[in-house]
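Number of protein chains: 2
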Amino acid sequence: MTPHPRVGRDHILDIAETLFTEHGYKSASIREIAHDCGVTNAAIYYHFPNKESLFMEVMQRHAERLHDQMTLAGANIDSPRERIVAILTTYVDTIAGQHAPIFMLRRNMKHLKAPGSHRGLLMKSISQPLIEAIKLAQQSGQIKKKPNPEEAAALLLGMLHGLQHHAAGGEGKNISQNDAQMAVDLFWDGIKK
Amino acid sequence: MTPHPRVGRDHILDIAETLFTEHGYKSASIREIAHDCGVTNAAIYYHFPNKESLFMEVMQRHAERLHDQMTLAGANIDSPRERIVAILTTYVDTIAGQHAPIFMLRRNMKHLKAPGSHRGLLMKSISQPLIEAIKLAQQSGQIKKKPNPEEAAALLLGMLHGLQHHAAGGEGKNISQNDAQMAVDLFWDGIKK
Numbered sequence: 001m002t003p004h005p006r007v008g009r010d011h012i013l014d015i016a017e018t019l020f021t022e023h024g025y026k027s028a029s030i031r032e033i034a035h036d037c038g039v040t041n042a043a044i045y046y047h048f049p050n051k052e053s054l055f056m057e058v059m060q061r062h063a064e065r066l067h068d069q070m071t072l073a074g075a076n077i078d079s080p081r082e083r084i085v086a087i088l089t090t091y092v093d094t095i096a097g098q099h100a101p102i103f104m105l106r107r108n109m110k111h112l113k114a115p116g117s118h119r120g121l122l123m124k125s126i127s128q129p130l131i132e133a134i135k136l137a138q139q140s141g142q143i144k145k146k147p148n149p150e151e152a153a154a155l156l157l158g159m160l161h162g163l164q165h166h167a168a169g170g171e172g173k174n175i176s177q178n179d180a181q182m183a184v185d186l187f188w189d190g191i192k193k
Numbered sequence: 001m002t003p004h005p006r007v008g009r010d011h012i013l014d015i016a017e018t019l020f021t022e023h024g025y026k027s028a029s030i031r032e033i034a035h036d037c038g039v040t041n042a043a044i045y046y047h048f049p050n051k052e053s054l055f056m057e058v059m060q061r062h063a064e065r066l067h068d069q070m071t072l073a074g075a076n077i078d079s080p081r082e083r084i085v086a087i088l089t090t091y092v093d094t095i096a097g098q099h100a101p102i103f104m105l106r107r108n109m110k111h112l113k114a115p116g117s118h119r120g121l122l123m124k125s126i127s128q129p130l131i132e133a134i135k136l137a138q139q140s141g142q143i144k145k146k147p148n149p150e151e152a153a154a155l156l157l158g159m160l161h162g163l164q165h166h167a168a169g170g171e172g173k174n175i176s177q178n179d180a181q182m183a184v185d186l187f188w189d190g191i192k193k
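Going down the list, the sequences are from chains A and B. Just so you know, full-length UniProt numbering puts the end of the first sequence at 193, numbered straight through with nothing missing. Just so you know, full-length UniProt numbering puts the end of the second sequence at 193, numbered straight through with nothing missing.
Don't take each hint at face value.
As the list claims (entries may be wrong) - Result set (DSS-like, lysine-lysine): computed pairs, CA atoms no more than 27 Å apart in a straight line:
(1) 135(A) - 192(B)
(2) 192(A) - 192(B)
(3) 146(B) - 144(A)
(4) 113(B) - 124(B)
(5) 113(A) - 146(B)
(6) 124(A) - 135(A)
Calculated from the structure, these hints are not laboratory results.
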């Protein structure tokens, strides 16, 4: 006999994501999440040992989705440069908007016990498709091998966040796909052979 | 007759900065700040109408210091490229370390009523010396006029934050002056004429 067969992990994660995003990690409680799922606290604890593990899984699910979308965007594009543009454009579509859930949630990671390592893992998962594309570009001999792929990815993602910050600080604009192109142009011309 | 002649604005700002940095904006109270200054609440309110204005002045003072340090670092350097390196190196020295007060404090800005515009003003003040140096480089004809100086500054600062993020996610390392050089090299070669 399985307890609580009617409430699946995914449904709990959906509800938890909404509450964490709206109220923040600290304010959202297991009781509230259970209430909104229409089940008892025990039904939640059946799937997740505590609030922290539930939150981490919400984050992980997000990072995986973004990872998959970025991978898909770059697939079947032969030109390494265009592949990097496509991957970053997908990234821009996700981070455009200060209220993108992944950033709303990430801001709450400071409440967790080991935020540094968690954040590192999430960033790794999100950067991976970009790192692979940069490796390919380096192997093709079109760009230099320094900075290394991980640093190059950090530089590119940083440029987009810098532009996002700049746009948001100004007239509340958001970054656009043109910004992804601008970052890649600068990057490419900066390290092409 | 001036009330509370013995407690100056600067002393209050010093104490407030320590408490905001250690406990966060929300937890630090005027009562606590007054206590640590050895004065009554009224002595604080004599200088600052409320906690928000006190916090904003702490932030503003920080931004101005960083602005002045960056300006000084770039002064008397004739080469536009080297001037940009010197300014960014000063910036790196300040942001190295996750616990740099300016970032600790900035994280608390979400509690303020108009965080977007405040943040924009602070970033503008911090970016200004860099923007001026980029303008000079563009006027000298050594680099292209696109991206514009504001965007170029956002790209450069973004690269450094990206590297910082990358370093912190890894083995808890910090970015170094080499990273400032790496960002400028990439940037310069990316848009040189």
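field: Satisfaction of hint between residue 192(B) and residue 192(A), Cα-Cα up to 27 Å
entry: holds, 13 Å
message: Against the 27 Å threshold, does the CA-CA distance of residue 135(A) and residue 192(B) hold or violate the hint?
response: Within the cut-off at roughly 25 Å; holds.
message: Next pair to validate is residue 146(B) with residue 144(A); report whether the Cα-Cα distance is within 27 Å.
response: holds, 23 Å
- prompt: Quick one, are residue 124(A) and residue 135(A) close enough, alpha carbons at most 27 Å?
  reply: Within the cut-off at roughly 15 Å; holds.
message: What's the verdict on residue 113(A) and residue 146(B), does the C-alpha distance respect the 27 Å limit or exceed it?
response: violated, 44 Å
- prompt: Hey, residue 113(B) versus residue 124(B), does the alpha-carbon distance stay inside 27 Å?
  reply: holds, 19 Å
Taken one by one, the earlier hints fail for this structure only at number 5.
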